[in-house]
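Chemist: Listed below are the residues making up each chain.
Protein chains: 2
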Amino acid sequence: MKKYVYFFAEGKADGNKDMKNLLGGKGANLAEMTNAGLPVPPGFTISTEACTLYYKNNESLPDEVWAEIWEALERLEKVTGKKLGDKNNPLLVSVRSGAPISMPGMMDTILNLGLNDETVEGLAKASNNPRFAYDSYRRFIQMFSDVVLQIPRRLFEEELQKIKEKEGVKTDPEVSVEGLKELIKKYKEIVKREWGRDFPQDTKEQLKMAILAVFRSWNNKRAIEYRKIYGIPDDLGTAVNVQMMVFGNFGEDSGTGVGFTRNPSTGEKELFGEFLINAQGEDVVAGIRTPLHLDELKSVLPQVYKQLKEIAEKLERHYRDMQDFEFTVERGKLYMLQTRTGKRTGMAALRIAVDMVEEGLINEKEAVLRVEPEALEQVLHPMFDLEERKKHQPVAKGLPASPGAAAGRVVFTAEDAVQWAKRGEKVILVRPETSPEDIAGMKAAQGILTSTGGMTSHAAVVGRQMGKPAVVGCGDIKVYEDEKKFEVKGKVVKEGDWVSIDGTTGEVFIAKLPTAPSEIIQVIMGKLPKEKSKLYPYFEKLLTWADKYRKLGVRTNADTPHDARLARLFGAEGIGLARTEHMFFAPERLPIMQSMILAETEEERREALAKLLPMQREDFYGLLKEMEGYEVTIRLLDPPLHEFLPKREELVEELHKKRRILEAMEFEAEHSSEAEKIVEELEAEIEKLEKLLARVEELHEFNPMLGHRGCRLGITFNEITEMQARAIFEAAARLLREGIKVYPEVMVPLVGHVKEIEDQKRVIDRVAKEVMEDYGVEIHYRVGTMIEVPRAALTADQVASVAEFFSFGTNDLTQMTFALSRDDAGKFLNIYLDKGIWPKDPFRTLDRDGVGALMKIAVEKGRGTRPELKIGICGEHGGDPESIYFCHEIGLDYVSASPYRVPVARLAAARAALQEK
Amino acid sequence: MKKYVYFFAEGKADGNKDMKNLLGGKGANLAEMTNAGLPVPPGFTISTEACTLYYKNNESLPDEVWAEIWEALERLEKVTGKKLGDKNNPLLVSVRSGAPISMPGMMDTILNLGLNDETVEGLAKASNNPRFAYDSYRRFIQMFSDVVLQIPRRLFEEELQKIKEKEGVKTDPEVSVEGLKELIKKYKEIVKREWGRDFPQDTKEQLKMAILAVFRSWNNKRAIEYRKIYGIPDDLGTAVNVQMMVFGNFGEDSGTGVGFTRNPSTGEKELFGEFLINAQGEDVVAGIRTPLHLDELKSVLPQVYKQLKEIAEKLERHYRDMQDFEFTVERGKLYMLQTRTGKRTGMAALRIAVDMVEEGLINEKEAVLRVEPEALEQVLHPMFDLEERKKHQPVAKGLPASPGAAAGRVVFTAEDAVQWAKRGEKVILVRPETSPEDIAGMKAAQGILTSTGGMTSHAAVVGRQMGKPAVVGCGDIKVYEDEKKFEVKGKVVKEGDWVSIDGTTGEVFIAKLPTAPSEIIQVIMGKLPKEKSKLYPYFEKLLTWADKYRKLGVRTNADTPHDARLARLFGAEGIGLARTEHMFFAPERLPIMQSMILAETEEERREALAKLLPMQREDFYGLLKEMEGYEVTIRLLDPPLHEFLPKREELVEELHKKRRILEAMEFEAEHSSEAEKIVEELEAEIEKLEKLLARVEELHEFNPMLGHRGCRLGITFNEITEMQARAIFEAAARLLREGIKVYPEVMVPLVGHVKEIEDQKRVIDRVAKEVMEDYGVEIHYRVGTMIEVPRAALTADQVASVAEFFSFGTNDLTQMTFALSRDDAGKFLNIYLDKGIWPKDPFRTLDRDGVGALMKIAVEKGRGTRPELKIGICGEHGGDPESIYFCHEIGLDYVSASPYRVPVARLAAARAALQEK
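Line by line, the protein sequences give chains A and B. Numbering of the first sequence is given in the numbering used here, commencing with residue 1 and proceeding in unit increments. Numbering of the second sequence is given in the numbering used here, commencing with residue 918 and proceeding in unit increments.
Chain A with its partners taken away, still in its complex shape:
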């Protein structure tokens, strides 16, 4: 018979940590912790297979599963010496969800299950603490009603408030036993009214309902939304953990807390966490009461603190990673409730990974695999500009829950955050506290600011996970959600006002602060001495390891010597894409470029090109020099010529204006020679404008993306290619003469047919030969092509017979493969993502099935013709970790990313290589 229930107690468990799929993360950990000899309250786990069965079985469990559950319950009763529903010594249990992949706060939990009108009295007697018993009971009713019966929590909160008012007390623990009893009566009335039946007194019935409710919660709206955001499959299912309750609300020698074995924000090696005396776990997680730092436990319960420190060490040795744990102290006895790999900021991830290698806990490869490329991105995130910041006084300070600097306009609801962000606004989501319903809004915001909650509150946990700056528990601010404003020290901040928050310090500013590069970038750029940076050494070490293991080369996309220099500092090994067109937009060059375009004969065109030649040569000289020793791939002119001319509308308007002035002047001109002169000048200007307009109209294209651009320009006007090739080779020749080793690669864009590259290569090779003869040097160069037109990929065997390298232009390749204009996609991209038609924005993450299929064809066919063919990627996907994994898989030689993304690419490339095994 299939086993659905897994028992754990007294140092021995049916499961272990490798059974996450079956027992969920929490269940597997409870088993593992039990096996590891940690003081875990006993219990049993109902497997995810039971969840799958539940959904298959029309949202119910078959009898044989129930039989197994009741058997486990009996074992639990035996182990604990207590009995569910026993009025003298009642067993109370927690019922918790636990999926194979953690979804914090997404599904339901019920505590104190097993209490009813009778057992509550038994508990009161057994514990000798009636207050605790009745408080537990009223909490249980409230939670059960919320989670299982789905009665609004608000109704119960209102009654609690009333009682407090009636008794004239402020906090929950101050409510009297009588008050609690009255409250329980009221609560039961609410249940009767709202649910139509009495609150269940049968404790087994309670357990049954709770288990089913947890399974049901797998498919609640917020869980589905969470899975969608994080790409978690819907069919994994959740397990249910039933575990003996231990009580942190048993008096002043009791308490409950959460902790991390290291600081999840900075990565420092210190016991980090929070606790509340005389409270249950939910109070900590929900962030309703602001808890105390774990350090303070040292003085309150020193023995427990010592034990906790030992356990933390044990945990890290056991799990070989930073752990996030929950514990409860019941009358001075420590229980470990759960542990799991702790979420951390990018900064913490980096530091922990490197530290653990030095502590001998993990090896270098593991360290590389521990740091997600996204984490590295975080540490490269901007901070506030230090100079600017000095000018501003923070208006308040909260907890520095998730590091990084963010500025944005204030919004007060998740929906608003989403809406504003869609309009392109940067927003800061300000809330009293956040809840799982706010996920989408948090994702859309630049940062999060809450008035309540601690370092492990929802806002803090999710903020760190998302890499969003967050300041939480900022008690100075008072949020009026309905009025869409908050007050802070007498100042009123309304929706749309600018605020800035610093998640690293907890500071809040009522201003739009400019941001500055991160510490690491400042070190790299020489603006901050290495010694002054705590973080940089970690960064350096990790990337040194990454470089050791990666197989992909990492180049950069850079058009200027400045960018090239920066990219080299970031570790780029050459340039994968230097766009030449940007060079023509400089104010002193544009008119020459325009005269080239307006030329009516080849001769005129050559004249203008001759003027551009020395300028281009300078450009390439600088680029090649900065990248000494590395290959520099220069792409020939790509955009359609009309991009260099003024817009039609502007010209028409200017013509209109000039003509109107002319009309007005003409009469005057008959009488004044000065006016006559102006008229003549005007007429000349108008004629020039008319000519320009005519050319603009002639060059107009319905679909410029599919128009007269790329190599089509070079083929139509060989002299343009000639000039660019000459500029490249002359620059190279000069540098070679100066003793600088350069390796130019000339890249022909938009090739779709082998004869296109053939035509262009003929011109380029001829010019190269001429320049080499003129300068008497040998230039090592290659001529290759972008693979950005589907046809080039499909006929890569032919193209490779001429091209000496390929570089995937995945921006355009994605446009063509999807028939999707990047400039226009915004009109329906969100609808497509919302409807789940595209799993991800294909311009951000490579589409493996479509664009990827073309890339595979191109690699295979290209290398079929020319086995030594060098293949890279220079589309923006070259800086996207997931896309980099794919590039590694299909055997590219290198990726090329923007300078700032080079470190991310280096790490991603290493991870791809290490994950392969």
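The set of hints was computed from the structure by calculation and includes no laboratory data. From a predicted model like this one, the values you see are computed outputs, not experimental measurements. Heads up, a few of these hints could be off.
As the list claims (entries may be wrong) - Only pairs whose alpha carbons sit at most 30 Å apart, straight line, appear in this in silico DSSO-like list of lysine-lysine:
no.: 1; chain 1: A; residue 1: K835; chain 2: B; residue 2: K1528
no.: 2; chain 1: B; residue 1: K1339; chain 2: A; residue 2: K647
no.: 3; chain 1: A; residue 1: K755; chain 2: B; residue 2: K1360
no.: 4; chain 1: A; residue 1: K827; chain 2: B; residue 2: K1564
no.: 5; chain 1: B; residue 1: K1773; chain 2: A; residue 2: K861
no.: 6; chain 1: A; residue 1: K691; chain 2: B; residue 2: K1574
no.: 7; chain 1: B; residue 1: K1564; chain 2: A; residue 2: K691
no.: 8; chain 1: B; residue 1: K1575; chain 2: A; residue 2: K647
no.: 9; chain 1: B; residue 1: K1752; chain 2: A; residue 2: K769
no.: 10; chain 1: B; residue 1: K1672; chain 2: A; residue 2: K56
no.: 11; chain 1: A; residue 1: K840; chain 2: B; residue 2: K1778
no.: 12; chain 1: B; residue 1: K1528; chain 2: A; residue 2: K827
no.: 13; chain 1: A; residue 1: K755; chain 2: B; residue 2: K1138
no.: 14; chain 1: B; residue 1: K1605; chain 2: A; residue 2: K827
no.: 15; chain 1: A; residue 1: K755; chain 2: B; residue 2: K1744
no.: 16; chain 1: B; residue 1: K1744; chain 2: A; residue 2: K688
no.: 17; chain 1: B; residue 1: K1574; chain 2: A; residue 2: K658
no.: 18; chain 1: A; residue 1: K647; chain 2: B; residue 2: K1744
no.: 19; chain 1: B; residue 1: K1752; chain 2: A; residue 2: K870
no.: 20; chain 1: A; residue 1: K827; chain 2: B; residue 2: K1672
no.: 21; chain 1: B; residue 1: K1594; chain 2: B; residue 2: K1605
no.: 22; chain 1: A; residue 1: K658; chain 2: B; residue 2: K1564
no.: 23; chain 1: A; residue 1: K56; chain 2: B; residue 2: K1686
no.: 24; chain 1: A; residue 1: K657; chain 2: B; residue 2: K1564
no.: 25; chain 1: B; residue 1: K1773; chain 2: A; residue 2: K856
no.: 26; chain 1: A; residue 1: K688; chain 2: B; residue 2: K1574
no.: 27; chain 1: A; residue 1: K755; chain 2: B; residue 2: K973
no.: 28; chain 1: A; residue 1: K755; chain 2: B; residue 2: K1752
no.: 29; chain 1: A; residue 1: K443; chain 2: B; residue 2: K1672
no.: 30; chain 1: B; residue 1: K1343; chain 2: A; residue 2: K691
no.: 31; chain 1: A; residue 1: K228; chain 2: B; residue 2: K1672
no.: 32; chain 1: B; residue 1: K1757; chain 2: A; residue 2: K861
no.: 33; chain 1: A; residue 1: K835; chain 2: B; residue 2: K1672
no.: 34; chain 1: B; residue 1: K1672; chain 2: A; residue 2: K856
no.: 35; chain 1: A; residue 1: K647; chain 2: B; residue 2: K1608
no.: 36; chain 1: A; residue 1: K422; chain 2: B; residue 2: K1608
To be verified - These stretches of chain B come out as covered by chain A in the derived footprint (C-beta under 8 Å, 3 or more residues):
no.: 37; stretch: 1668-1678
no.: 38; stretch: 1710-1723
no.: 39; stretch: 1735-1744
no.: 40; stretch: 1752-1762
Don't be surprised by glycine CBs; every beta carbon is placed ideally from N, CA and C.
Given the coordinates of chain A, assemble chain B onto it according to the supplied hints.
Modeler: The following block gives chain B in isolation, referenced to the frame of chain A:
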């Protein structure tokens, strides 16, 4: 040792007709004719391998080849009893090119070779005809100088003219022997002056130079151009035929002619051709003298005529096809010089193929393979509208050299024809005569009109081959090429004036005559009774045979019941593409469509759609009804919405105008209540315009081809799909109720991801279910997708899991695969074709390597998922024969073509199936 020279004489030849690649068409035929016992002048053929060797060997022939040639010459001397260079009985030979694929008039020919100052006298004696001998000599010098020495022909013509003037005669034969001798002297002076050496007197040297010149002519400019146009490989090479001369200019019992075994213009079974008495072949082909019809030979040389008729029958039995032959009569003795499969008009091809089946010469399959789809196109070409034509008097009548009607503006040079055509002008090329240099211009023109030349002149032959209407030898018109005008009966027609020509009757009109459908189309459309058409029965028979053998279905692209009806008459088996957007452009519908687009809420949009529903239903009702019993594929709304709104520029202008009026009126309005009213109205109009403009700007796209269109619309606005599906299914349901069998297929455009078709199919299936329930009928329908986005082809396995049929939209697929906007390609398409980068316009003929590769992937992957998947093509390539062959090869189920192209598609499909074996 390799054999390079093939001998033929006296009923026995080294070669045969199957050796075309080696001996060229002419050489193989001479061998075959010799073997068949025809009276062929003896000679030998130097193979194409020698030509290849010539080019490999640095444009010269190795000694061993020369040795073989001299050996063959000795044999020839033995057989003929004459000797090359013998002053008493000189052997004269012709030296002619002959490539494996015929290139009429493209390469060089030399006649009368072997004459020199001595042999001319020997010939004069032997023939007892000094005039003939000296005339032959002067002709030989002229031709040799032109072809071998490349001295301009004009120089010789001028001297001939001078002699004629001096002797006061008009025609060449009238020149006296003394005159000819003087002419020879002058000719030799020209040679000495131009070439720098004496005219070669060594006859072997003459032969050597002539052979090399023929090989060289393979790569002359016009031959290369010809090969480019007709897609003939450059490496085939030409053979050289050296053959004993026979003389048509031996007196009144001699002559020369060309003939066809059937009429190449109409296909009638009659000996057809022309001859000249006392002339050599070049006089006929060049069209300088207008020859006599072969019929007249009956009275001039009855015995020869009889023999010729017998030989024609023999030729057809032997070659099983209509033959084009050249003959010469030397003193009453008939020699056959060459024969080859005759070029013919479409009409003749059709008729000959069908007649030959009935005569038992060939079978049905062969008949289908004999008629090129392009030939069928010709018979469907328009004729002049009969009513209109009656109103016009032809101004002149020439020879009806190539049938069909054409109207265009007059141009006088091939270059002008090309230039004007590039600008989109229709032109008629008018020339005294055409020559191979005019090919490009003839191709660019609508039709050709010449003042000289006969039915086998260059203009006539090439015109028929190209399917261009041509009127030749129109002696009434006098062409002044330099002044760009022609005169006809006192009227002057200048460049750019409109003329119309009828190649079927030879008539010329100075007017732009509207054209009317061809006879066949008139019969099909019921406008001409079947009995009254000569051509229709042939057409019907051939297509019946085609239908028997084809495997591809043939559907049509039709949006209206009228087109659907027409297409059925042409033999369409269903509709492959009905575009629904055209239906919204009707004046009464456009405003509703616009209000749908301007709707701000789903509700408003649904309101507008509800108004469109009954209209669409009517559309589909008509279409489905006309195609009873066949499948009708209806494509959902495809173009971006902005196509239905006015253009931005127009709106801005109108707004400007209205605002200016408003400004002017406002002052007045303060004093007049009437003006006030106008102002109010204006303000309302302006507001409406502003709203419209705002929406137009919102909908503006940079690349509409890659924008918010196709299924992206239906996915964004499910209600549009819903309305269209409802209209389709309600129309179908009504027809089914009326007992009419209909098979609608709903086609979702621009699918790139399986989830797109999934989304749309869900909507369509739901509506279908609702309609079927409402109407109580079962509709047999399919939901499928266009394959026009590369990604759809690449992921066809996924797409086919939902789509029930595929239809290749090769227009868009070509755009995406090439990254080429059809609307913008014109800017460089010609450069690409000229440079040979694309072999053909990819929008006309499917690109096999690129687009074809995607299609193959789609067919393979699609059928992998769904073996019964129906796959067709609805792009315009579906009517292009070459593309249809490809569709057959990759196993499509059907092609869909525009109604007029349906017969062509039926024939092409049959040929594809028959050629497969």
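Chemist: Starting from the hint list further up, note which numbers the structure goes against and sort them upward.
Modeler: Going through the list in order, the structure violates no hint and respects every one.
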